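Participant: Chain by chain, the residues run as shown.
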Amino acid sequence: MVPLLLLSPLILLAALGAVWKARPVHAALLLALALALVAVLYLSVGAEFIGLVQFMVYVGGVAILIVFALLITRPGDEAAEVARRPRSLALGLVCVAPVLGILLYAVSKGLPVAAFEDANPKLPVQALGTELFENAVPAVLTVGVLLTAVLIGAALFAREPGPKSELPADR
Amino acid sequence: MRVPALIALVLGSFPSLGLAATDKPPLLTGESLPRLPQRLVEMALEALKAPDWLVSLASFATAAGTVVAVFLSAFALLSLIERKTLARAQNRLGPNRAGIFGILQPVADGIKMLTKEDIVPTKAEWFLHLVAPVMIVIPSILALGVIPYGREWLPVPLELGLVFFFATGTMTEVAVFIAGWASGSKFPMLGAMRAISQMISYELPLIISALSVVMLSGTLSLADIVAAQSGYHLGFIPAWNILTPWGFVAGIIFLIAANAESNRCPFDLPEGESEIVAGHMTEYSGFKYALFFMGEYLGLFAISGLGITLFLGGWQAPLPGLGFVPSWFWFFGKLAAIIFFFLWVRTTFPRVRVDQLMRFAWLCLIPIALLTLPVAALWHFTANPDGSNGVLSWLLCSAILAVPFIIITVIFNRRLAPSLRTYHYAE
Amino acid sequence: MESPAPTTRASSPPPAAGWSLPGIGLLKGMAVTAVNMIQSYYRKDRMTTVQYPEERAPISPNFRNFPFLVYDGDNMAGLRCTACSICEKECPPQCIYIVLDRDENGKSLKRPKVFDIDVSVCMNCGICAEVCPFDSIYMDGQYELATGDRFGGLLFNKETLARSTDYHAQLRPLEAAEVAARRKAEEEKKLAAQAAKVAKAKLEKEQKELKAKEEQEKGTGA
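Protein chains in written order, with our numbering: chain A, 6 to 176; chain B, 416 to 842; chain C, 2 to 223.
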């Protein structure tokens, strides 16, 4: 309970900062911080595997990807961003409100309190692997094929269109 | 009293960390020597009737402190040995002024770094500029914590040691990006972009080559991976992963990728001195600069230690009958050999170009690393019931792994052989 | 903008006829550095490093650093400089400052009262040494010039600049010998000319006396 109480305000602050900051790089770094803190939260309740994977995939992968995209694109006008803020805020609230409502409803109604009685329900990694690769094999395979297709498609998009570049490779 | 109790409570709520020291090894054997400080602190606190949380916290801190102290001294020593080795390869003497054989050179360097002015550029974001060097050092130290250094010496016995290692490694990328961006200057930015693209590209072969080991060991715990490599074939050949066809190829890929991951020559583009000053470290001075170096070298130790654990049998002795030597001695011997190999490579090869770097990772390392996975599976399924592999299994696996090598040889001789070079803008 | 036509040249020998394995070149390179590393411990001819403060590499005769002034004899009195100020005028960065020494009547003593060179300004071009008609200023071989005094320590005056002819001979024997020979020849020529002048004057005097005598004799005769 203590980690939850300590971490959740920090996560909330970081997430709000990620939305509020006008400078995109700051927002991206705060997003990474929020995701990392969520990973710490997972670790603190004993879900090691999911916590470490959260760290690897979201902090190492997604956040870096966002940052990289920011680097190779032109930075926007910060003042215009701030000026647009009321409208963006309204739009964002409209989008977020239903999700938040469903979540709150689910938390208040859906989950039995008894699920928390067993502190640190240990799910060994091997059991997780068995679950994934024996019982859920079709889903895993489908996702794998989909991701491979995405990868190949991205490579095709990233190729330079038109004739080969002017400077031939020297080897 | 409140705050440490709170810290202990928070740390204690990470059940995986294994804070409670359960085993009580004998105090003064060679094997448990590295755990002597930890045991002494525990005993002292227990004698003083300290509360349990304080004992476990102090024990944990001492265990971590031992590892950090060992590797910080190794870092100091390596900074000297590296300069000496490079100097000898270039027919120079190297540092020999501070103390005999220049043994005090690291001390002198440290004093110099500490007394230098700490410059924060006007355009830099001072907070992020400060955070980046700290964030570079932390993951390296975290990663050092999960490596089994000896039979008795494993600072943090994590079930998911390997995943933890790679998860901490991703933090380095964020730190490098922050360093490059927060400096508010173009060379750090270029260096950071190079560094991130290189780290992402080489992390793939690194992880894939480690995966084959995980597949055959059936565990993600580094201690169990080492245990799986115990024993000897034919009575004298150690059963290390590097001495199998798939392990040999995966080990070489791991070695190359580890070299690139720790930004060392010939893959030191992120800090290519002749091109972009010092990359993401350009705007740093004084102790922050030293922290970058510390992080880099600690990361080198960590990733070499991981390579030893995965492929070179960890702390296992190379020959039977050497059990009387403490196991951590073998680990550090192997570490010294790997580090020397890195130094040797650094002093020999020139820096590669960015496009060569990327092509090598994506067109050469990753496909071959992917090939080691099915070969490892084949190795597993063609094994005899007792776990050893017959001649046929050896031949089959080697033949499959030889295919990419043959393809590369053909391409190398047909297309890539040095030929007449075309210059467009020179002359 | 048209790119220039590609030029082709062989940057390496043409590929050998046989097949080679990839990575062989890397191994060869590593062997080279290994040999370097090992041999550097026992082959003295590999190590060309000079341990500087204890030992110094001999400087080449063509090594040139900041200028110095030469004096003949044992002390500053024999300074060759005549304060003609040619070097001062020729010096491109104008680092030389000369004041002519005069006696109480304002007559030139043909020696410098002040001769300063600011070596923080001097650019080692050696023009002063080239233009000096009195063989007085030469380029030095001194390179350990570090000083704690940024201004005073780098402003060399007459006393710090002065060196004996022996120093010059030691620094650059060939140049010094040539200069000494030339100066000796000039000196001899000058002495000979003086001797000739003295002889001529004597002769003239004698003739004059003779003439006067003759005239006297004539006068008495008439």
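I should point out that these hints are in silico values taken from the structure, not numbers from a laboratory. Here the structure is a predicted model, which means the values were calculated and not measured. There may be inaccurate statements among the hints.
[Stated by the list, open to error] Covered by chain B, according to a simulated footprint, are these stretches of chain A (three or more residues, beta-carbon under 8 Å):
1. 55-64
2. 100-106
[To be verified] DSSO-like cross-link-like pairs, simulated, lysine-lysine; straight-line CA separation at most 30 Å:
3. B:K527 <-> A:K26
4. C:K45 <-> B:K499
5. B:K499 <-> B:K538
6. B:K538 <-> A:K26
7. C:K209 <-> C:K219
Beta carbons are placed, not taken as given, at the ideal position from N, Cα and C, and that holds for glycine.
Participant: Next step is simple, just say for each hint if it's right about the structure.
Facilitator: These are the hints, each one checked on the structure:
no. : hint              : result
1   : 55-64             : holds (count 5)
2   : 100-106           : violated (count 0)
3   : B:K527 <-> A:K26  : violated (39 Å)
4   : C:K45 <-> B:K499  : holds (17 Å)
5   : B:K499 <-> B:K538 : violated (38 Å)
6   : B:K538 <-> A:K26  : holds (19 Å)
7   : C:K209 <-> C:K219 : holds (15 Å)
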